[in-house]
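Chains as they are written, first to last, in this note's numbering: chain G, 1 to 382; chain Z, 383 to 784.
Source of the hints: derived by calculation from the structure; they are not laboratory data.
Note that this is a predicted model, so its numbers are computed, not measured.
There could be a bad hint or two in this list.
Below, computed lysine-lysine pairings styled on DSBU-like, alpha-carbon distance capped at 35 angstroms [said to hold, decoys possible]:
no.: 1; chain 1: Z; residue 1: Lys783; chain 2: G; residue 2: Lys377
no.: 2; chain 1: G; residue 1: Lys318; chain 2: G; residue 2: Lys230
no.: 3; chain 1: G; residue 1: Lys277; chain 2: Z; residue 2: Lys420
no.: 4; chain 1: G; residue 1: Lys377; chain 2: Z; residue 2: Lys432
no.: 5; chain 1: Z; residue 1: Lys387; chain 2: G; residue 2: Lys274
no.: 6; chain 1: G; residue 1: Lys230; chain 2: Z; residue 2: Lys635
no.: 7; chain 1: Z; residue 1: Lys432; chain 2: Z; residue 2: Lys545
no.: 8; chain 1: Z; residue 1: Lys420; chain 2: G; residue 2: Lys274
no.: 9; chain 1: G; residue 1: Lys141; chain 2: Z; residue 2: Lys655
no.: 10; chain 1: Z; residue 1: Lys508; chain 2: Z; residue 2: Lys387
no.: 11; chain 1: G; residue 1: Lys265; chain 2: Z; residue 2: Lys783
no.: 12; chain 1: G; residue 1: Lys47; chain 2: G; residue 2: Lys151
no.: 13; chain 1: G; residue 1: Lys230; chain 2: Z; residue 2: Lys420
no.: 14; chain 1: Z; residue 1: Lys783; chain 2: G; residue 2: Lys379
no.: 15; chain 1: G; residue 1: Lys277; chain 2: Z; residue 2: Lys432
no.: 16; chain 1: Z; residue 1: Lys420; chain 2: Z; residue 2: Lys518
no.: 17; chain 1: Z; residue 1: Lys387; chain 2: G; residue 2: Lys379
no.: 18; chain 1: Z; residue 1: Lys674; chain 2: G; residue 2: Lys47
no.: 19; chain 1: Z; residue 1: Lys635; chain 2: G; residue 2: Lys47
no.: 20; chain 1: Z; residue 1: Lys603; chain 2: Z; residue 2: Lys553
no.: 21; chain 1: Z; residue 1: Lys455; chain 2: G; residue 2: Lys265
no.: 22; chain 1: G; residue 1: Lys318; chain 2: Z; residue 2: Lys535
no.: 23; chain 1: G; residue 1: Lys358; chain 2: G; residue 2: Lys107
no.: 24; chain 1: G; residue 1: Lys92; chain 2: G; residue 2: Lys107
no.: 25; chain 1: Z; residue 1: Lys678; chain 2: G; residue 2: Lys309
no.: 26; chain 1: G; residue 1: Lys104; chain 2: G; residue 2: Lys141
no.: 27; chain 1: Z; residue 1: Lys477; chain 2: G; residue 2: Lys274
no.: 28; chain 1: Z; residue 1: Lys455; chain 2: Z; residue 2: Lys387
no.: 29; chain 1: G; residue 1: Lys358; chain 2: Z; residue 2: Lys783
no.: 30; chain 1: G; residue 1: Lys318; chain 2: Z; residue 2: Lys655
no.: 31; chain 1: G; residue 1: Lys47; chain 2: Z; residue 2: Lys420
no.: 32; chain 1: Z; residue 1: Lys432; chain 2: G; residue 2: Lys265
no.: 33; chain 1: G; residue 1: Lys124; chain 2: G; residue 2: Lys67
no.: 34; chain 1: Z; residue 1: Lys603; chain 2: G; residue 2: Lys318
no.: 35; chain 1: G; residue 1: Lys318; chain 2: Z; residue 2: Lys553
no.: 36; chain 1: G; residue 1: Lys230; chain 2: Z; residue 2: Lys455
no.: 37; chain 1: Z; residue 1: Lys535; chain 2: Z; residue 2: Lys709
no.: 38; chain 1: Z; residue 1: Lys635; chain 2: Z; residue 2: Lys387
no.: 39; chain 1: G; residue 1: Lys277; chain 2: G; residue 2: Lys230
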Amino acid sequence: MDRLENNLLGEFETNINFYFSEVLNYPFAKPYWIYLSLSHECTYRCKMCGVVKILKGYELPTEAVEKTLNTIDSWKQDCVVLFTGGEVFLRKDIFHLFDYSVAKGLKVEVVSNGALIDKELAFKIISSGLQNIAISLDGEKEDTHDRIREKGAFKKAIGAITNLVQAKKEILKGPQISVWTTIMKENISELFDIIALVNSLGVECLVYHPVIVAQDDMQNTQADAPFWIKGNDLEILRNQIEKIVDYQTKHGLVAFLHDPYLWLKYFNGQLCRKDWKCNPFVFLNIGPDGETRSCGASFGNIKDMDLDKCLVTAEALKARSLMRLCQKPCLQTCWGRPESDSLTKITENFIAKVRNNKNKNKLVKEALSLLNNYANKLKEHV
Amino acid sequence: MFNLKEVIISITNRCNSRCKMCDIPIEKTEELDTPSWKHIIRDLPSCGAKTLVFSGGEPLLREDLFELLSFAKSVGLNTCITSNGIMIDDSVASKLLQTGINVVNVSVEGPEEVHDLLRGAGNFKKTVLALAALGKHKIETTIATTVSRYTYKNLNSVVELAKEYNVTTVKFQPFSSLFVDDKKRIKEFTISENNLQEMETIIKDVILLSARYGIAVNPEKYLLNIPYYLSGKSTGSNNVCGALLSSCPINSKGEIFPCWVLSGRDNLIGSLKGNSFLSLWGGRRHISIIEKIERKGCPSCMMSCYDGNFGQAGIKHRVIRGLSKLKNRGFRGYLAQLLRKLQKRFKFYFAYRGSLAALTRKFKGIFRRKAISMTKIQEQGTEGVFTEIEIAEQMLKDELKR
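Whenever a hint applies, use it, and build me the whole structure from the sequences.
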């Protein structure tokens, strides 16, 4: 089988692994997204972020990160490591960690507020083998962004993007440069205008995600929560979504990771499991304190045990059970995997993709054998 | 870490009784409105809660209580109220039944003269009528009794009353200074060392009587500790309480504390006004408070809701008592009584604690506590998975034939 065929089969296998993990609450699949929050330290004290307050004084030791990266490397499954913080570029060993993970062939991404990215740092980042660098930008107007983050933050973020784009033009290759925008009451009327701004700067991808009220408050859908969009503002949001969708259809740039109209339901408190659900196995966050969690309680601490062991602790099982009961999804795209929601859908997609392949029969037989394996495994234990 | 089973909402501080041993109604506080409570209740099953208890004050003074009980039931919670019974007549019992309530816990302090002395003249008769009304509508009823200097001599009469009205469980709880504002009055309810022996004998009688009637009471070790607690010779359970992780008290203002005893402002986990339950329960603040309590030690108490702490230590005593019963009554007599007792216990468990599946899991857990492997799949529910696999396999086979 050639690479494409291997990929088709690999995708099918990953999808059924996630499907059976979710249905049977056992980690047949390894996490796809691994967020490594390296440090609580940050250059700003953003109003909507609780990391600095909650995890004060914690920083993941280099050795612990390296050990974790080794474990992730041992997984056969495709995954993405995203370095986050605090502000990752405050870590002195950050480029060592980039090198360490890139050398292992891992897909690495990073998210930053851009405060420290000058021309020199931009060149280092662009040459470091990352897949993607995301800069947070919360407003089209300087005043909006600075009010949420800190005075001068907007200029620094724009400067960082400019430096990164310039460096990529000079080096002629490098990571995708993207912008992440948090949707909240404060920037609601600027959401569409941000597109023109980032377009003019040469950004390649724009991602919107709705605000989480605080890091320890993922699912606060109460109407009086700070930053929350409610009442008449919901109409403004609808208007913005229509314009954004129209632009995206014609020009791309915006990456929708789910139907953007779900934002309205989310802020209305009407978003339910039927619309969007988490697959507790897709995402794993490793905090600066070493605690691993998908959502809710910690699975275990990577300082005490290997990451693989953290994934199968009793606490992990319990936390995932609670996630499966969650009725109020928080639309954080890292936790959803709609393509693995139904076995029929997975099979349909697979068949559609292999139908015209010359090795179709071989691929279908392999898929059948994978399904058989699961059926036998289940019969053995249930 | 957390294993939430029960949420206790003190829905109001208002009360229609002025009991000697309780000063709660003196303090008038704000109360959350119906939509806010519904918002909170909706989140509870997601956190693992199985049972919701409305206490007070007198919860029936809330006009929306029936609505909240029905709502809690609709989200899959078992429901219970703790009431003084004064307002429970035939029509209220009927309304309670319609909400699908699982348990009504009624406070009885002893015979009429003792009950009325502590809870107000004429209240005993009303409470007895409440027991009758609840019995008529076949609502699972339990009795709660505060053991104090006033009541200890007549504890047997409570068990007799329970038998008369088909009450399944009597929970005894020693007087707690927590509910009295004027700390000088505490001595009014405690006993002297001279009464210790007498009280111990009475409690042993109560244990025997309740066993004979098949009425569930608190764990034996807990009951036998009450005289020592009330005479100041024991401080209650010194272990860090399991209730910290499995039970969640919420006051009428929507504030969550680790437990009723530790309800100082420094232990405030958070307010549900503006925060969701999901965000507070098991959150950073909660964890840090629990860790602080574990570090500093539990102040210890004998609140009956936490009497599970005493359960395990009484096993040896239970075995000895079981053997002596076996000797006295013969195998058939012993077995018949054991079955009666188990029947009542199970009835209570189903009504109050959860489903048969939950009970089975509890027992399985004892033997397979570390078995986090594929065997866990059995407990997760595999309904429809095999069908889904068969459909997918058929789709692939059809594709092969094309």
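Satisfaction of hint between Lys379 of chain G and Lys783 of chain Z, Cα-Cα up to 35 angstroms: 27 angstroms, holds
Given the proposed pairing of Lys141 of chain G with Lys655 of chain Z, does the C-alpha separation stay at or below 35 angstroms? Holds, at roughly 33 angstroms.
Verify the proposed pairing of Lys387 of chain Z with Lys379 of chain G, using a straight-line Cα cut of 35 angstroms. Holds - the C-alpha atoms of Lys379 of chain G and Lys387 of chain Z are around 32 angstroms apart, at most 35 angstroms.
Straight-line Cα separation of Lys230 of chain G and Lys420 of chain Z no greater than 35 angstroms? Roughly 20 angstroms between the alpha carbons, so the hint for Lys230 of chain G and Lys420 of chain Z holds.
Holds or violated: are the alpha carbons of Lys47 of chain G and Lys420 of chain Z at most 35 angstroms from each other? Holds, because 29 angstroms separates the two Cα atoms, which is no more than 35 angstroms.
Verify the proposed pairing of Lys47 of chain G with Lys151 of chain G, using a straight-line Cα cut of 35 angstroms. Distance of about 13 angstroms is within 35 angstroms: holds.
Run the distance test for Lys508 of chain Z versus Lys387 of chain Z: straight-line Cα separation, threshold 35 angstroms. 32 angstroms, holds
Can the restraint linking Lys477 of chain Z and Lys274 of chain G be considered satisfied, given a maximum Cα separation of 35 angstroms? 34 angstroms, holds
What's the verdict on Lys358 of chain G and Lys783 of chain Z, does the C-alpha distance respect the 35 angstroms limit or exceed it? Since the Cα atoms of Lys358 of chain G and Lys783 of chain Z sit roughly 15 angstroms apart, the hinted pair holds (cutoff 35 angstroms).
Take a quick look at whether Lys230 of chain G and Lys635 of chain Z sit within 35 angstroms of each other, Cα to Cα. 24 angstroms, holds
Under the criterion that the straight-line Cα-Cα distance not exceed 35 angstroms, is the pair Lys377 of chain G, Lys432 of chain Z satisfied? 32 angstroms, holds
Next pair to validate is Lys277 of chain G with Lys420 of chain Z; report whether the Cα-Cα distance is within 35 angstroms. 23 angstroms, holds
The structure is inconsistent with the numbered hints 11, 22 and 26, although it conforms to all the rest.
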